[in-house]
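With the hints as your guide, set chain B onto chain A.
There are 2 protein chains.
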Amino acid sequence: MSRKSKEEIAAIYKQMQVYICEALEAGDGLGKFKADNWTREAGGGGQTRIFQDGALLEKGGVAFSAVHGPTPKKISDKLGLESGIFFATGVSIVLHPYNPMVPIIHMNIRYFEMEDGTHWFGGGIDLTPHYIVPEDATYFHQKLKETCDSFDPSYYPKFKEWADDYFFIRHREETRGIGGIFYDRLSATSDSHFQEILDFSLALGRLFPEVYTHLMHKNGQLPFGKEEKAWQNLRRGRYVEFNLVWDAGTKFGLDTNGRTESILMSMPPQAEWTYQHQPQPGSAAQFTLDHLKKGIDWLTYNHD
Amino acid sequence: MSRKSKEEIAAIYKQMQVYICEALEAGDGLGKFKADNWTREAGGGGQTRIFQDGALLEKGGVAFSAVHGPTPKKISDKLGLESGIFFATGVSIVLHPYNPMVPIIHMNIRYFEMEDGTHWFGGGIDLTPHYIVPEDATYFHQKLKETCDSFDPSYYPKFKEWADDYFFIRHREETRGIGGIFYDRLSATSDSHFQEILDFSLALGRLFPEVYTHLMHKNGQLPFGKEEKAWQNLRRGRYVEFNLVWDAGTKFGLDTNGRTESILMSMPPQAEWTYQHQPQPGSAAQFTLDHLKKGIDWLTYNHD
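Order-wise, the sequence lines are chains A and B.
Quick note, the first sequence lines up with residues 1 to 304 if you use our numbering.
Quick note, the second sequence lines up with residues 1 to 304 if you use our numbering.
To be clear, the hints were calculated from the coordinates, so they are not data collected in a lab.
Any given hint could turn out to be false.
Pairs involving identical chains hold if they fit within one copy or between any two copies, as the list cannot separate such chains.
Here are the simulated BS3-like pairs of lysine-lysine, each with C-alpha atoms no more than 27 Å apart in a straight line [stated by the list, open to error]:
no. : residue 1 : residue 2
1   : Lys-6     : Lys-74
2   : Lys-158   : Lys-32
3   : Lys-32    : Lys-218
4   : Lys-226   : Lys-34
5   : Lys-74    : Lys-294
6   : Lys-251   : Lys-74
7   : Lys-294   : Lys-218
8   : Lys-293   : Lys-74
9   : Lys-251   : Lys-293
10  : Lys-73    : Lys-251
The following block holds chain A by itself, in its conformation from the complex (with noise of 0.2 Å):
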């Protein structure tokens, strides 16, 4: 079995990026996405494919890119590599939901190339519930530890781990939300293990919509006030304050003219910001608080 080469792999991610939109789209019920094509000066381009306004989803996008050129410096300092041209392929999702019980989701699979073969796959699901509810949070870690599983027993806890330390807002000592998986420079060692990394990648494209398919519609005809959409948009804001100043790939996609539109395309509809919010004791709000934390181990959480 031979590798598959870059332009394959790009074709197989921009199917998954259908696949994944048409699958959200049957899920919503209502809302469609809408394609926007781009192009990159330097080399390659995009579809961006956009969600407003659905019945359950309320903004987010499927983004699909694959660009090449000639390594920005800014890029191979930062990833320690000799300049020389790039290929990077990739599906990158987040959904805002209307319903503040049912939570923001983040996705991306991506396969970076240099001309010289260095090359690594990397990527992540976490979520972030404005709510955080336990059972909801044990199924979301038992479906990514089954994915991981059929691959490599060892994925789950050193991917559980390292996205508990990635997706953290150190400014606040708070998680974004319950965590999931991420994964960085992932290097095939034999043409068989290029196939498995690949293949892992499209099985947790797979994965994703069914497990939020499965909390839409568990979540999202439960009922709420004004208090519960005011702690989604205080939340909110966090997500915002977490990808502006520490998320690393936007950051990176912000300062080497990345096409903004797209990268920013993980804003929420809306955001607020109080100044020293405190939920009441006992409440929803607070125990959501109290469970952003690293290192909870929810596939042994007790539900009593």
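Frame of chain A, contents of chain B only:
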């Protein structure tokens, strides 16, 4: 005349905070500042005064701080200093009005000193109208020029250009607003020069409520509807983007374990994001976008 000590400068800046808060409360007519004292583990502290739910002002803060201690490595590296004991004091303000016809305003004056005598002043005022009104922009820049000119005729042109460069949202290729003045690392060459720079910063402090009260009262009762509110929230989103992605002071504070709630008092009460929003051709919103450019000379702007 001998130089003011750092303790005296801190006391003068603290008084300036009180002066500005009183003037803004009088200007608003309804809201009151709420004071919040805090201390810094490694040395010093401050008082953050927060304003919420006034008649004209929706959210804002006037923060005083005077901190000292061993220079954190990130700071000495960034500033190109030897390690040692630092001292920093200043007043920092951001105000977000209800009415989209009233601009967002920001002011900062600050003093920094190392134990070896290295010292400098920094500061600035800049205006971020949701809708640019040339008459107000000219008024604002004229007032800044008058104040600058009464100290040094080279200040206004130099500091105006500096503000254009500093308050620039690179990933949007937009200035944050109509600029103003910005200066940093102004060091004294003599005791009288030291007093002059200090007095300059105090003149800016006194100018601030005069200018903003004028704009609040001139535009605070203008009618607006849903469309203007939505546009205001999009512009507030840009304000968030600038502060979290590009503002050196904010990044620096969050990166060096500053007091998060004081640093992020600059966040608006709400913000919104829409994918690829395009104002109607010929609209006031489009006029605004067309004037979010560096290098506009508002003093000689043609108002015909």
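Going down the list of hints, with the structure as the test:
1. Proximity of Lys-6 to Lys-74 under the C-alpha cut-off of 27 Å is restricted to the intra-copy arrangement: shortest distance 23 Å within a copy versus 40 Å between copies.
2. Taking CA atoms no more than 27 Å apart as the test, Lys-158 paired with Lys-32 passes in neither setting, with 36 Å inside one copy and 51 Å between copies.
3. For a Cα distance limit of 27 Å, the shortest separation of Lys-32 from Lys-218 inside one copy, 21 Å, qualifies, whereas the shortest one across copies, 45 Å, does not.
4. Taking CA atoms no more than 27 Å apart as the test, Lys-226 paired with Lys-34 passes between copies only; the shortest distance there is 25 Å, against 30 Å inside one copy.
5. In the homo-oligomer, the alpha carbons of Lys-74 and Lys-294 lie at most 27 Å apart only across protomers (25 Å), although the nearest pairing inside one protomer, at 31 Å, exceeds that limit.
6. Taking the shortest alpha-carbon separations for Lys-251 and Lys-74, both the intra-copy value of 12 Å and the inter-copy value of 19 Å come in at or below 27 Å.
7. Taking the shortest Cα distances, Lys-294 and Lys-218 sit within 27 Å of each other inside one copy (26 Å), while across copies they are farther apart (50 Å).
8. In this assembly of identical chains, the alpha carbons of Lys-293 and Lys-74 lie at most 27 Å apart only when taken from different copies (26 Å versus 32 Å within one copy).
9. When the C-alpha separation of Lys-251 and Lys-293 is checked against a cutoff of 27 Å, the pair qualifies both within a copy, at 23 Å, and between copies, at 23 Å.
10. Proximity of Lys-73 to Lys-251 under the C-alpha cut-off of 27 Å is found in both arrangements, the shortest distances being 15 Å within a copy and 23 Å between copies.
The structure does not agree with numbered hint 2 stated previously, though it agrees with all others.
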